[in-house]
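Enquirer: Per numbering that gives the first Met the number 0, residue 0 is the first one in the sequence shown, and the count goes up by one each step.
In case anyone wonders, no lab produced these hints; they're calculated from the structure.
These numbers come from a predicted model, not from an experiment.
All C-beta atoms in this analysis are idealised placements derived from N, C-alpha and C, irrespective of residue type, glycine included.
Careful: at least some of the hints might be erroneous.
[To be verified] In silico SDA-like pairs for lysine to any residue, Cα to Cα no more than 20 Å straight-line:
| # | residue 1 | residue 2 |
| --- | --- | --- |
| 1 | K682 | P645 |
| 2 | K523 | L581 |
| 3 | K523 | K462 |
| 4 | K523 | Q471 |
| 5 | K141 | R124 |
| 6 | K194 | E148 |
| 7 | K523 | D313 |
| 8 | K462 | E495 |
| 9 | K682 | R615 |
| 10 | K141 | A126 |
| 11 | K462 | L327 |
| 12 | K458 | E343 |
| 13 | K468 | Q315 |
| 14 | K682 | V596 |
| 15 | K370 | S390 |
| 16 | K523 | M512 |
| 17 | K468 | R615 |
| 18 | K194 | D167 |
| 19 | K462 | R478 |
| 20 | K458 | M512 |
[Stated by the list, open to error] Derived DEER-like restraints, expressed as beta-carbon distance ranges:
| # | residue 1 | residue 2 | range |
| --- | --- | --- | --- |
| 21 | S659 | T261 | 23 to 33 Å |
| 22 | D49 | S182 | 46 to 56 Å |
| 23 | F258 | F678 | 49 to 59 Å |
| 24 | G672 | R621 | 46 to 56 Å |
| 25 | K370 | A339 | 23 to 33 Å |
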Amino acid sequence: MGSVVATETGGPGEAAAGSPQRPRGVAESHSLFDRSIFRQALAGSLRKLDPRVQVRNPVMFVVLVGTVVVLLEAIRHPSTFSWLITVWLFLTVLFANFAEAMAEGRGKAQADTLRRMRSETEARRLAADGSESRVAAAELAKGDLVVCEAGDLVPSDGEIVEGIASVDESAITGESAPVIRESGGDRSAVTGGTKVLSDRIVVRITAERGHTFLDRMISLVEGANRQKTPNELALTILLAALTIVFLPVVVALEPFARFSGTTVSVVVLVSLLVCLIPTTIGALLSAIGIAGMDRLVQRNVLAMSGRAVEAAGDVQTLLLDKTGTITLGNRMAASFVPVAGHSEEDLAAVAQLASLADETPEGRSIVVLAKQRFDIRERDLGEGHEFVPFSAHTRMSGLDVDGRSIRKGAADSVRRWAVDQGGTVPDGLDELVARVARAGSTPLVVADGPTILGVVELKDVVKQGIREKFDQMRQMGIRTVMITGDNPLTAAAIAEEAGVDDYLAEATPETKMELIRSEQAGGKLVAMTGDGTNDAPALAQADVGVAMNTGTTAAKEAGNMVDLDSNPTKLIDVVEIGKQLLITRGSLTTFSIANDVAKYFAIIPALFVTTYPQLRTLDVMRLHSPETAVLSAVIFNALVIVALIPLALRGVRFRASSASAILRRNVLVYGLGGIIAPFVFIKIIDLILTATHLY
């Protein structure tokens with residue numbers, strides 16, 4: 000049990016950060032083109048040909064209708080050209096379905112992992128008289144009490160109301176290290192499907208039938224059940240509008256061609272329409288959204304909706320707990336600062352005596368520092384000594400031995416205690432305490448009876464690299480606010496060292512809520528993390544609330560994301576994934592629209608250059624014939640979807656930068672690339688068709 004406790008107290012997410020492997024859990028990774036997922040996606044792309052499915056995507060539904068029209072035309076007036084166009088239009092629809100099916104397949108693979116984990120578990124339900132009865136886990140109702148002992152699976156989500164136990168949560172989090180769960184406090188929640196390794200606990204079921212955490216996980220990671228987000232719906236409407244705009248443009252070409260003495264067939268008109276409407280982003284839009292949630296799942300974070308992921312990408316204010324997020328969490332002894340008349344070694348020796356029985360990280364660090372600085376080793380005190388434990392009332396701890404009373408603790412408490420012992424407060428103590436506090440450290444005053452020897456500086460160590468992270472956030476226009484219960488002096492010093500934009504000291508649930516509301520009143524989206532019941536109101540108020548899986552049920556229900564690793568630093572990763580989702584969607588939309596413009600100027604001159612020789616100036620590609628021009632454009636239109644599937648699933652590489660820098664990069668890379676690519680590849684395809692005499 001000692002090792003288990005050490006793992007848990009090492010800080011949330013420590014195992015996740017240091018573990019070299021993640022053998023199981025919701026975040027089980029799958030390669031981009033896993034064979035089983037690939038096969039399922041192929042079958043899924045055929046099933047999605049159902050018009051009832053296609054109509055959800057207006058752009059691809061138009062392509063499907065166009066394919067049917069061209070097919071009928073090919074049957075009525077058979078020709079190699081019409082049949083080739085039919086095949087490639089069909090492939091365009093199929094490739095779009097394949098992109099979505101691949102994204103869904105990765106989510107379904109995660110869900111299958113969870114389903115294999117969920118089995119028909121028996122529960123030991125407690126009756127009002129204390130008797131037990133065995134029932135199926137599926138029969139449990141909210142409010143039921145169940146008993147779990149070593150070796151039992153927790154039958155459903157609940158809170159421990161009695162006992163303490165070590166629990167194996169690897170089935171949920173993928174981490175092999177067990178954790179401690181106990182009644183009361185912020186570590187009382189247990190999840191169905193996890194395994195009790197020791198002791199006995201009584202759990203009150205908090206989930207309705209069919210609505211357990213595991214059930215929600217399965218439905219959330221399955222892309223097929225994902226609802227479109229408001230941004231995605233808005234973009235879908237925009238794409239549908241562009242499609243409608245191009246319909247009369249293409250239809251008007253037929254009378255224009257007849258007037259000019261040129262014949263334009265229905266096959267050509269449909270091909271033009273398909274090439275000019277935003278088929279690329281229309282085909283990949285759903286896959287981008289599903290893949291964004293999948294990337295979050297791979298980081299062991301569950302979003303309750305796609306809306307939460309997108310909100311993370313638009314966040315402008317981050318509220319971050321100091322302990323465990325900005326700092327390592329355990330205050331460590333950094334120096335011994337004596338008052339006038341005493342030496343540093345004398346202070347270290349007395350501080351070490353006061354800390355011999357102190358098993359907290361702070362107490363252990365004082366013993367270690369005394370040994371490192373002055374080779375003062377632990378001493379055998381023999382009999383007749385008494386350790387004085389720390390209490391919230393006295394705010395001190397120490398040792399009584401051989402007639403000596405040694406204490407260390409809060410400055411005001413030790414000062415008052417020394418005076419009560421007949422001592423006096425030495426000159427310079429208050430200034431010394433204030434100086435240590437201003438430096439962002441915690442001062443512990445040490446007294447040997449009535450004599451105050453000095454101060455032990457406990458330093459809350461800022462995590463390495465965290466300042467660079469905040470610099471990146473600032474570049475993206477995100478304001479970071481540190482939340483801490485420390486006094487304002489300590490908070491200010493830590494905030495300056497970490498590089499956050501602002502801080503909230505002596506924070507309470509009410510002040511957190513006030514801060515969030517004030518930021519939102521200014522039109523900003525706010526994200527925060529939390530794990531306790533007292534965090535629930537703020538998590539519910541925040542636009543992105545990431546609850547720790549080790550936290551209370553109230554916290555998990557209030558947030559719109561759950562971090563299975565319970566690592567507060569994950570909030571920064573969540574924001575980056577949200578940004579990446581929005582950047583990917585914007586980049587591919589830019590590429591698609593630029594593509595359409597380029598294809599328009601590539602095809603139209605080739606079609607009418609014979610009738611209007613003046614168009615030869617615009618016919619920069621000098622395509623072989625109008626037929627090969629149209630066929631090359633249709634082939635390119637289909638193949639570009641396949642080429643962009645990996646980018647849609649992986650996401651555009653995220654770089655911390657401002658919105659204007661992202662816009663410039665989009666225009667230069669994806670806008671310019673979207674214009675150049677059709678000219679290059681349509682010409683190449685035209686040359687291949689001509690050289691191989693395929694048409």
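Enquirer: All the hints need checking, so say for each whether the structure fits it.
Expert: Each hint tested on the structure:
{"no.": "1", "hint": "K682 <-> P645", "verdict": "violated (24 Å)"}
{"no.": "2", "hint": "K523 <-> L581", "verdict": "holds (17 Å)"}
{"no.": "3", "hint": "K523 <-> K462", "verdict": "violated (27 Å)"}
{"no.": "4", "hint": "K523 <-> Q471", "verdict": "holds (18 Å)"}
{"no.": "5", "hint": "K141 <-> R124", "verdict": "holds (12 Å)"}
{"no.": "6", "hint": "K194 <-> E148", "verdict": "holds (9 Å)"}
{"no.": "7", "hint": "K523 <-> D313", "verdict": "holds (9 Å)"}
{"no.": "8", "hint": "K462 <-> E495", "verdict": "holds (13 Å)"}
{"no.": "9", "hint": "K682 <-> R615", "verdict": "holds (15 Å)"}
{"no.": "10", "hint": "K141 <-> A126", "verdict": "holds (14 Å)"}
{"no.": "11", "hint": "K462 <-> L327", "verdict": "holds (6 Å)"}
{"no.": "12", "hint": "K458 <-> E343", "verdict": "holds (18 Å)"}
{"no.": "13", "hint": "K468 <-> Q315", "verdict": "holds (15 Å)"}
{"no.": "14", "hint": "K682 <-> V596", "verdict": "holds (16 Å)"}
{"no.": "15", "hint": "K370 <-> S390", "verdict": "violated (26 Å)"}
{"no.": "16", "hint": "K523 <-> M512", "verdict": "holds (14 Å)"}
{"no.": "17", "hint": "K468 <-> R615", "verdict": "violated (54 Å)"}
{"no.": "18", "hint": "K194 <-> D167", "verdict": "holds (5 Å)"}
{"no.": "19", "hint": "K462 <-> R478", "verdict": "holds (19 Å)"}
{"no.": "20", "hint": "K458 <-> M512", "verdict": "violated (29 Å)"}
{"no.": "21", "hint": "S659 <-> T261: 23 to 33 Å", "verdict": "violated (46 Å)"}
{"no.": "22", "hint": "D49 <-> S182: 46 to 56 Å", "verdict": "holds (52 Å)"}
{"no.": "23", "hint": "F258 <-> F678: 49 to 59 Å", "verdict": "violated (29 Å)"}
{"no.": "24", "hint": "G672 <-> R621: 46 to 56 Å", "verdict": "violated (22 Å)"}
{"no.": "25", "hint": "K370 <-> A339: 23 to 33 Å", "verdict": "holds (26 Å)"}
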